[in-house]
Amino acid sequence: DQQVKQNSPSLSVQEGRISILNCDYTNSMFDYFLWYKKYPAEGPTFLISISSIKDKNEDGRFTVFLNKSAKHLSLHIVPSQPGDSAVYFCAASATNAGNMLTFGGGTRLMVKP
Amino acid sequence: GAVVSQHPSWVICKSGTSVKIECRSLDFQATTMFWYRQFPKQSLMLMATSNEGSKATYEQGVEKDKFLINHASLTLSTLTVTSAHPEDSSFYICSAKESGLGSNEQFFGPGTRLTVL
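Top line first, the protein sequences correspond to chains A and B.
Residues 1 to 113 in this note's numbering are what the first sequence lists, from first letter to last.
Residues 1 to 117 in this note's numbering are what the second sequence lists, from first letter to last.
Since the hints were made in silico from the structure, they are not lab data.
Do not take every clue at face value.
As the list claims (entries may be wrong) - Each pair of labels, with its calculated beta carbon distance range: (1) T17(B) with R17(A): 47 to 57 Å; (2) M29(A) with Q60(B): 15 to 25 Å; (3) H76(A) with S54(B): 33 to 43 Å; (4) P40(A) with V3(B): 16 to 26 Å; (5) P40(B) with P79(A): 41 to 51 Å.
In this text, all values refer to a predicted model and were calculated from it rather than measured experimentally.
For every residue, glycine included, the Cβ atom is placed at its ideal position computed from N, Cα and C.
Start from the sequences and build out the full structure, keeping to the hints where you can.
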C-alpha cells in the first residue's frame, strides 16, 4: 500500500512557465513533508520542506503548498528553467515514527527551452 | 551545508562475492543513518535504519543476514551485501540525520551503483 503517491510519472513544461508537481498521501500521522530533486545516478538533493502546521512555504522559485484536509501537497516552480529538468520526489515523515522518510514514486520534469 | 559521502561510487563484482559500501557524514554527527535502494525508474525504497551503537532496524522483506549494516561511529555506517547475486544489482543510497532534537531533514549521499555479474 503506497502511503505517498505521485500520480504523474512525467511532466513537460515550457521554459519560463510554471511547473506544478503533485503529491498525495494517505497516512494522517505524517507531519513533515519534503521535496527532493534527483538526477540519474546521483543521490537526491533536498529542495524544500513544510511542516504540517503550515500550509505554504516559499524559497525563491520554489513554493510548496500543503492541504491537510485533502492530504495533498504540491510543488510550484516558477519560472521553470531547463536546469530544473530532473526527477522530483516528495517524501513524508511522522515524528512519532522516528522521522523515517516515505517516498513517492517520483515525477520526471522536462523543461523545454 | 551537511555533506554525506559514499564509497565506492560504483562497483562491479562477480556473483557470490561480498561488497561493502561506506556512508560517511563529513561535517556533522549522525546518530541515525538510512539505507535505500532504487531500481531503475522506481522510487527509493528504505531498506534499513542504522543506529549508532546498536543493531539496525530492517524493513519488511529485507534480509538482515544478506545486507549487513554496521554503524560503528557517529560519522560512518557500512552496508555489506553478502553473497551478491545479479538481482542485487541496484543503486544504493544512504542518508544521514543530524543528531539532535527536532531534526527532520535527511542528507543524502551520492549513491553507489552495484552491478553483479
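Checked hints:
no., hint, verdict
1, T17(B) with R17(A): 47 to 57 Å, "holds (50 Å)"
2, M29(A) with Q60(B): 15 to 25 Å, "holds (18 Å)"
3, H76(A) with S54(B): 33 to 43 Å, "holds (41 Å)"
4, P40(A) with V3(B): 16 to 26 Å, "holds (21 Å)"
5, P40(B) with P79(A): 41 to 51 Å, "violated (31 Å)"
Going through the hint list in order, the structure does not satisfy hint 5, though it satisfies all others.
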